[in-house]
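Here is what each chain is made of, one letter per residue.
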Amino acid sequence: MTTPPPPRPDPKPTQRVVVTSPRTRAPRARRPYSGTREINEQSELGAVYMRTLIRAQRRLGLSVCLVTCGALGLLPLLFAIEPDLGKFRILGLGLPWFLLCVATFPMLLLAGWFYVRQAERSEREFAELVERP
Amino acid sequence: MTSGYAIVAVVVVALGTILVGTYGLRVSRTTSDFYVASRTVSPWWNASAIGGEYLSAASFVGIAGLIFAYGPDMLWFPVGYTAGYLVLLTMVAAPLRRSGAYTLPDFAEARFRSRGVRAVASILALAIGWLYLLPQLEGAGLTLNTVTGAPDWVGALIVTAVVTANVMSGGMRSITFVQAFQYWLKLTAITVPILFLVVVWQVHGASSLTEPEFPAFRQDTEVSFQRQTTIHVEESVLVRGTGEVDGVRVGDSGLVLTEGYHRIVQGSELTFPKDAPVPHLSTMAHNTNEMWSLPMSSGADFPLYGAYSLIIATFLGTMGLPHVIVRFYTNPNGTAARRTTLIVLGLLSFFYLMPPIYGALGRVYTPELLMTGQTDAVVLVLPTRMIDGIGGELLGALVAGGAFAAFLSTSSGLVVSLAGVLSQDVLRLGGVRGFRISTVLAGLVPLAMTFVSTGMPVADMVGLAFAVAASSLCPLLMLGIWSSRITTVGAIAGMLAGGVPALTAGLVTMFTDTGDAWYEVLLSRPAAWTVPLGFSVMYVVSLLTQRHVPPGVQRTMVKLHAPENLGLDGSGPSSADERS
Chain A
1 MTTPPPPRPD
11 PKPTQRVVVT
21 SPRTRAPRAR
31 RPYSGTREIN
41 EQSELGAVYM
51 RTLIRAQRRL
61 GLSVCLVTCG
71 ALGLLPLLFA
81 IEPDLGKFRI
91 LGLGLPWFLL
101 CVATFPMLLL
111 AGWFYVRQAE
121 RSEREFAELV
131 ERP
Chain B
1001 MTSGYAIVAV
1011 VVVALGTILV
1021 GTYGLRVSRT
1031 TSDFYVASRT
1041 VSPWWNASAI
1051 GGEYLSAASF
1061 VGIAGLIFAY
1071 GPDMLWFPVG
1081 YTAGYLVLLT
1091 MVAAPLRRSG
1101 AYTLPDFAEA
1111 RFRSRGVRAV
1121 ASILALAIGW
1131 LYLLPQLEGA
1141 GLTLNTVTGA
1151 PDWVGALIVT
1161 AVVTANVMSG
1171 GMRSITFVQA
1181 FQYWLKLTAI
1191 TVPILFLVVV
1201 WQVHGASSLT
1211 EPEFPAFRQD
1221 TEVSFQRQTT
1231 IHVEESVLVR
1241 GTGEVDGVRV
1251 GDSGLVLTEG
1261 YHRIVQGSEL
1271 TFPKDAPVPH
1281 LSTMAHNTNE
1291 MWSLPMSSGA
1301 DFPLYGAYSL
1311 IIATFLGTMG
1321 LPHVIVRFYT
1331 NPNGTAARRT
1341 TLIVLGLLSF
1351 FYLMPPIYGA
1361 LGRVYTPELL
1371 MTGQTDAVVL
1381 VLPTRMIDGI
1391 GGELLGALVA
1401 GGAFAAFLST
1411 SSGLVVSLAG
1421 VLSQDVLRLG
1431 GVRGFRISTV
1441 LAGLVPLAMT
1451 FVSTGMPVAD
1461 MVGLAFAVAA
1471 SSLCPLLMLG
1481 IWSSRITTVG
1491 AIAGMLAGGV
1501 PALTAGLVTM
1511 FTDTGDAWYE
1521 VLLSRPAAWT
1531 VPLGFSVMYV
1541 VSLLTQRHVP
1551 PGVQRTMVKL
1561 HAPENLGLDG
1571 SGPSSADERS
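First to last, the protein sequences are chains A and B.
So the first sequence is numbered by this note's numbering: it starts at 1 and just counts up by one.
So the second sequence is numbered by this note's numbering: it starts at 1001 and just counts up by one.
Hints in this document: simulated from the structure, not taken from any laboratory.
Hints are all accurate, no fakes.
Incomplete in silico selection of chain B near chain A, CB under 10 Å:
| hint | residue |
| --- | --- |
| 1 | Ala1083 |
| 2 | Tyr1085 |
| 3 | Thr1210 |
| 4 | Glu1290 |
| 5 | Ile1311 |
| 6 | Gly1334 |
| 7 | Phe1350 |
| 8 | Ala1360 |
| 9 | Ser1484 |
Listed next, with one range per pair, are the computed distances between beta-carbon atoms:
| hint | chain 1 | residue 1 | chain 2 | residue 2 | range |
| --- | --- | --- | --- | --- | --- |
| 10 | A | Leu62 | B | Tyr1305 | 20 to 26 Å |
| 11 | A | Val67 | B | Thr1545 | 31 to 37 Å |
| 12 | B | Ile1437 | A | Ala103 | 46 to 52 Å |
| 13 | B | Leu1441 | A | Leu74 | 42 to 48 Å |
| 14 | A | Ala47 | B | Pro1332 | 27 to 33 Å |
| 15 | B | Leu1441 | A | Ala47 | 43 to 49 Å |
| 16 | A | Leu74 | B | Arg1547 | 39 to 45 Å |
| 17 | B | Leu1238 | A | Arg89 | 34 to 40 Å |
Just so it is clear, CB atoms sit at the ideal spot from N, CA and C, and this is done for glycine as well.
With the rest of the complex left out, here is chain A (with noise of 0.2 Å):
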């Protein structure tokens, strides 16, 4: 048995509306389960939603970081094989003193500039996954 709605308050007369359009800037009604509360209740679906994001994560902070060490890592070894490299000048400096000195740092600055508006877009794109109703 149900239980009949109770009666609403209003006293003005029942009127007659033409409607002429469908209500599109109502809102929608809310799925019963948003992706927030799968995560919550830790559902199956709430860890692949979680999983995704710290895969994306994971992947991102990796490549940047693999990239920029992984290309300053190479400096020694290639000064080891090729020593005249040393004697090479760039701007009057030695390439070594020019590499270490003038070029790597805004390389970092970069890399981590493309790394923190990655990994912000990403978070974004997490939000609008698990807040979609």
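Guided by the hints, dock chain B onto chain A, whose structure is given.
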């Protein structure tokens, strides 16, 4: 180089630090204020504070000294110290903040729910912190010795006293102000003098820094030897003065030092003539300026191993330093933590442009430091050497003040974080009183250690602290954050397998004389073997003990990785702000 102005500068820096600290005393009231400044610090303040805290004695005087002595191989120090922040940014910054813990042991407990992991992390954090404080105190001793002639222990004592008093009174809140102030002070103190010095070098005719000749004395130079020194003379030279060389007293008519090795007795004061090539310390590679400017010229055994070991230690060690990590908890959220780290990267990049210039100019203007072995003093001595009169003295005072700021700020940060660990995990004393007692203890231990260490370059000592951090706490953070398969047993095994050998190697090189043994480089630069050891033991042991995966690891992962504004960590058993 005794200068009244420099003493004034050091006193002003010390007093200024105390004043800014007392200002903090009035605003810090609660325990949370003491530890993490109530998490109200903006990214720019926070980034300046991290920069101020991070730029230590090693950065301010040590790097220039090493580059001056050993050439471009040492450029990996500034590059590594900066790149460490890129690794920190990409791998741990945001999750670390989101873990909501105060100290590294707090993180260990939040992630692994285990007192055991926490205890091991505490001990390692303490060891790393003390290992890192030691060179700061030695650097302070060196600076005070260079500018005033005071014995080495005076500087160490002053730094310990100022820092302990300051941390006891204001805690982290005042420290955030102090640190931010000190970054800008240090940047000014290293940038302004070098601008003048480069101009002077240009005026002097911009003499080439890479001639195929040995560095030579620019004028008749009196050199005093503060300890018994063995030097290698490149070309026969007539010296005058007082003292004893190879058991022969230097008489009135002087003494000719022939090419080869000579032992000079402590306390000798010898005057070397203008244009004579500068003898080198026997343990240093004697290079012409041209050879010095090339890579792999430092004369160390296994230079490639050494370079890679240094790279691994500095790139991965930054995230494991206790005073760096505590700063991330003062960010309001993970996104702010990332932005803060990016700003830090910029601040450090700018600062590290300067020390190599000091090192290079030192080859021309202060070559006698190659003979006395006090290479760390090159930053302090250059301004007064290159610019005569009051201008040089003022610039010298600025550099000395900046160097002292470096010791004060790094030591403050370390003492704060060590006191946090001590009061929570070792002494188990809560509240403001426990924090104050721990502060005293955190400062006294390294002060005692300065009396037994064998003076090695400060940047090398700092490198050892990085190596221990990289091989123990770095695996804990990296694997703990990015893999849910790490178990409590694995975490403990990994930290010990990486940390104990690195720590032992560090202590052996610091407190004993290993000399020229072939394994010397394995001990003084241990990271290349201890870091892979730490990582692989932690991962493999975890795979073997999957029954010990900490309970609720999925919830912890949600908390570490989900953006805060989604309300995703609310259901976890311990929420982020319970303790603040």
